[in-house]
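When we follow my numbering, the leftmost residue of the sequence shown carries the number 394, and every step to the right adds one.
Simulated pairs of lysine to aspartate or glutamate, EDC-like, Cα-Cα distance not exceeding 16 Å:
id	residue 1	residue 2
1	Lys444	Asp415
2	Lys416	Glu439
3	Lys449	Glu402
4	Lys444	Glu414
5	Lys449	Glu405
6	Lys416	Glu441
7	Lys416	Glu448
8	Lys449	Glu414
These are calculated hints, taken from the structure and not from any lab test.
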Amino acid sequence: MEVERLEAELFEVRNSQTAAEDKLAQATTRNVALTSDLGSAHDVTELEHAKATIEKLSGQLAAANGALNDVFRR
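Input sequences plus hints: build the corresponding full structure.
Here is the structure:
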């Protein structure tokens, strides 16, 4: 029961991370395409937000992996 819950949580976190990585790629592409306006606060803020989201999701993924590993070790 616990394993299924953790696997579902891990799956959800991985999907969220993939979506955040896609957003980061899109933001990076837009940022590069706007070479005449690279200093734009909006683009920089959007990119920083995407990076922060990925860092947060990476932490959640690591925690979920750790919890899943703990269950399998039992």
